[in-house]
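Visitor: The primary structure of each chain is shown beneath.
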Amino acid sequence: MNPEVMTAPSIDYIALLPYIIVGAAGVIGVIVEAFVGRNGRRPIQLVLAFGSLIGAFGVLVVNRTTLGLQAEGAIAIDGPGILFMGLILLLAILVALLMSERQLDPAGDAFAPRASALPGSDDERELTTRGYFQTEIWPLFLFSVFGMMLFVTASNLLVLFIALEIMSLPLYLMAGMSRRRRLLSQEAALKYFILGAFSSAFLLFGIALLYGYSGSVEFSVIADALAAEPGQTALVVGGVALLSVGLLFKIGAVPFHAWVPDVYQGSPAPVTAFMAAAVKVTAFGALLRVMYVALGGVRWEWEPLLWIIAGLTMLFGSVVAIAQTDMKRMIAYSSIAQAGFILIGVSTATAEGLYASIFYLVAYGFTTIGIFAIIAMVRDAGGEMTRLDQWAGLGKRSPLVAVSFGIFMFALASFPLTSGFIAKFLVFESALAVDNLGLVIVGVIASVMAAFFYIRVVVIMFFREPVEGSPAAAVPSATTTLALAVSAAVTVILGVLPEPVINLIEQAGVFLR
Amino acid sequence: MTSLPWLTVLMVIPLLGAIVLMLLPRDRDVLPKQVALGFSLLTLVLTVVMGLQFQADSTAPFQFVESYPWIPALGISYAVGVDGIGLVLVALSATLVPVVILAGWNDVAPGGRSIKGYFALILVLETLMIGVFSATDVFLFFVLFEVMLIPIYFLIGRYGGADRRYAAVKFLVYSLVGGLLMLAALIGLYVVSAQQLGQGTFDFAALVGLDVDPNTQKILFLGFFIAFAIKAPLWPFHTWLPDAAKESTPATAVLLIGVLDKVGTFGMIRYLLPIFPAASDFYAPLVVALAVIGILYGALVAFGQKDMKRLFAYSSMSHFGFIALGIFVFTSWGMTGSTLYMLAHGLSTASLFLTAGFLMMRAGGSSLISTYSGVNKVAPVLAGFFLFAALSSLALPGLASFIGEFLVLLGTFARNITVGVIAALGIVITAAYALKLYQKVATGPTSPAVEGMTDLRGREITALAPIVFLTILLGVLPAGVLNVVNPAVERTLEVVGISDPPPVIPPIVQGGEQ
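Chains as they are written, first to last, in the numbering used here: chain L, 1 to 513; chain B, 1 to 514.
Since the hints were derived computationally from the structure, they do not count as laboratory data. Warning: the hint list may mix true and false statements.
Stated by the list, open to error - Cβ pair distances, simulated, as ranges:
{"#": "1", "chain 1": "L", "residue 1": "L305", "chain 2": "B", "residue 2": "Q195", "range": "24 to 34 Å"}
{"#": "2", "chain 1": "L", "residue 1": "N503", "chain 2": "B", "residue 2": "L425", "range": "55 to 65 Å"}
{"#": "3", "chain 1": "L", "residue 1": "T481", "chain 2": "B", "residue 2": "G304", "range": "48 to 58 Å"}
{"#": "4", "chain 1": "L", "residue 1": "T65", "chain 2": "B", "residue 2": "L52", "range": "35 to 45 Å"}
{"#": "5", "chain 1": "L", "residue 1": "L497", "chain 2": "B", "residue 2": "P214", "range": "32 to 42 Å"}
{"#": "6", "chain 1": "B", "residue 1": "L477", "chain 2": "L", "residue 2": "N503", "range": "49 to 59 Å"}
{"#": "7", "chain 1": "B", "residue 1": "A162", "chain 2": "L", "residue 2": "V319", "range": "22 to 32 Å"}
{"#": "8", "chain 1": "B", "residue 1": "P214", "chain 2": "L", "residue 2": "I308", "range": "27 to 37 Å"}
Unchecked claim - Stretch-level coverage of chain L by chain B, calculated; a stretch enters the list once three of its residues show a Cβ under 8 Å from a Cβ in chain B:
{"#": "9", "stretch": "39-47"}
{"#": "10", "stretch": "93-99"}
{"#": "11", "stretch": "429-440"}
{"#": "12", "stretch": "455-461"}
These figures come from a predicted structure and were not determined experimentally. Where is the CB? At the ideal position from N, CA and C, for every residue including glycine.
Construct all of the structure, not just a fragment, from the sequences and the given hints.
Guide: Spelled out as structure tokens, the structure:
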């Protein structure tokens, strides 16, 4: 130990206020669960969740010009970091709107009254008939959001790892909380947990190797070490590879995608929306920061790796999605394909690529929330109806819902005048600007295949007659409607008038180190 | 008056009409049709007023120009303007829409699919068609080019025949393949412009001024070309067309083949040649070969068709071969002929599909040729219009298609006699299948399906009359259109940098002027 007196790290609490608000709200939520009566919990949890998320977003906007490294360089609050945190908070607010829905399911909300009750047991039935609800999911959700905010701004490998765990552990639990199809939900949770734990181990091993190489866990020190000694040692190669595996797992890139379809299918729709939108944004935020800041000096190491993974991810996701008969699984594979398109932007290692990736994530995040809002609405007494053929004739029975879903599908198929088009445009442009024609061609091929299955959904909804037993979309409460309206509006506005958002992203500049 | 944003107004009116239609109550059956017709006629009147103000001798490349920044961060603006070629095609769109609304009055049975939705889609399509022919920002063009697919997709997929879902998806997937290739090429062009000008742009004039490296041109050309070749189907990118044509209602088919497919050939003239002159020159033999194959293949396959709508589709493919041929022989005759042929083909497609549609509607919707025989005994007026349509399609002298076909062949012979001779064979086959079709359907003993058939009603004749009138007018007095088109053609060829004897209005045209 250093014989001198350790100085306490200087912490700027004002700059860290957004984190503190969300994290503290999570802690208070746990206390509420322990001490408040059953009927009083929900209003308090809702106030805590919405209050903290909106409050944190407000503070973030007010603080947006206070940039710099915080907490002794462990957290980098920079332009892209603030953008990512803002996006995560906005998406989280929309997810919270979906989670507070109580009108769609006749039995209550989308979550099991007690996740620990055995599926199909008398215990569970009793809880349901008594009309119990659980509210533990709210603090879990806030912890996860807190972890996400930390994850995208971590400028230190250890903080990165801790943030990953804070984000993931609540998610594993949330995945298993579905009120309907409990076994599927629990399988999803277990699968997500086991594979997630593996990927965390990879990440940690990668961190260890990079630490062994550079003697530090700080991004800036690692970057300096790589610049000073550009020789490729086994430590660097192994470290980069293992670290990438950990991050690519969360993104759902091929070949680390195996969890995605099962988890998306089994989790309750609001939680799936959270995973598909916010987790993807977060993981890309962290990947971009790690690659651009810490490992920017060895980009020739990881660029070809990312090209291959991007290409595989796009093609695999699109091809397999074509064969799906379940809506949630199809969207899961589609999200894999979309991750591939975003990886094109990441793999350029240019500022343009960074901006393109961020824009793509904004577009993708809102569209995804809207998709799951609608998936939660199309249901019968047994729960969500996710078989594709059950959606036949939705255009006739619920025209507004079907039109919104059509807009989302066209956006994912990157049709002009939707956000997805501008996003794909920017991503392809960033790749062509570095002369990566090959990846763009693969992207075009994958886009065509992807367009096929997105369009198929439109065909099913609009060109098929409703079959016996295919119900109209249930009428949701105001919260889901609001989330849906916001996502649809963002999807269209970003397609027609993307200028302000593009400027916002470009003004945010690049990562600090 | 000149400061009126003409083209924007032309685009807004049909769109407004579509919005009004959607706000109408659901249970009204006739009102939506009347409203749709009203809005489309208003658009047509304004188009004519605008067209009369067009100055054919102007030195400006585009007239009625408007430009507003749209996404400045990417160098994208909302910029419109028309040259002679664009004007002619805008006029074609504005003419055909009221015609198909009138002709398709009863396409949608009351109580089934939404009637107002059908006509609203047609009006939205009109907005997009006018936009796509007048865009002078390549990005805007691309956006409209792609968005246009959606109304057509719904028109086929919701209102079409038995296999409509398959046809609609096939159409959309084909078009999307082209669209995405074009998108990639477009982005490539944008990157080149960013490298050369410092700031990327999609402005047509700026892109024409670029000095693109020939090898890059060759790659980018292919992206645009395949998109256009799928749109205006050239062999071997045509297989979606017969399905789409067969499953569409006649009104949709007219707009699809008569106007939308012209976007492909229009795009070749407007974008491919000026922006990629070196690559156009390089690929010209290939395109000419595809065009000639298309002419013969389309005509031969049309000859063997048992289904009327499929026959028209293959026949159109053959005619698109002529149009592409005229463009890529790089003579002013050829290109003028192609432009005129686009117009004429729009008209002849309209008369073919609409008369055939009237015929089929009277016999339960069957489009099999063998269903019909002896129509001229039962419904002489219908048979007469059918004969006119067939003659207009086989390019009878005195009708519009003849001038186009003649000029294309003239231009082709000037460049390469062999190609000209092979292409001319197509005309012979066309005459054969067109007359055979008329003979089978209209003459001979009356078949059971035809028995008791009513003749054309007033509404149907009203819909066909303007087409017939314009077909004859253009065939006899093409000079007006030629004067409008010629400067634009000359300018295009100038940019491409291929010299050609100065365009002379061919003798046949002067003869027609007397």
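Visitor: Hints first: check each against the structure and report whether it holds.
Guide: The hints, checked one at a time:
no.	hint	result
1	L305(L) - Q195(B): 24 to 34 Å	holds, 28 Å
2	N503(L) - L425(B): 55 to 65 Å	holds, 59 Å
3	T481(L) - G304(B): 48 to 58 Å	holds, 56 Å
4	T65(L) - L52(B): 35 to 45 Å	violated, 58 Å
5	L497(L) - P214(B): 32 to 42 Å	holds, 37 Å
6	L477(B) - N503(L): 49 to 59 Å	holds, 54 Å
7	A162(B) - V319(L): 22 to 32 Å	holds, 30 Å
8	P214(B) - I308(L): 27 to 37 Å	holds, 31 Å
9	39-47	violated (count 0)
10	93-99	violated (count 0)
11	429-440	holds (count 5)
12	455-461	holds (count 3)
Hints 4, 9, 10 from the list above are not met by this structure, while the remaining hints are.
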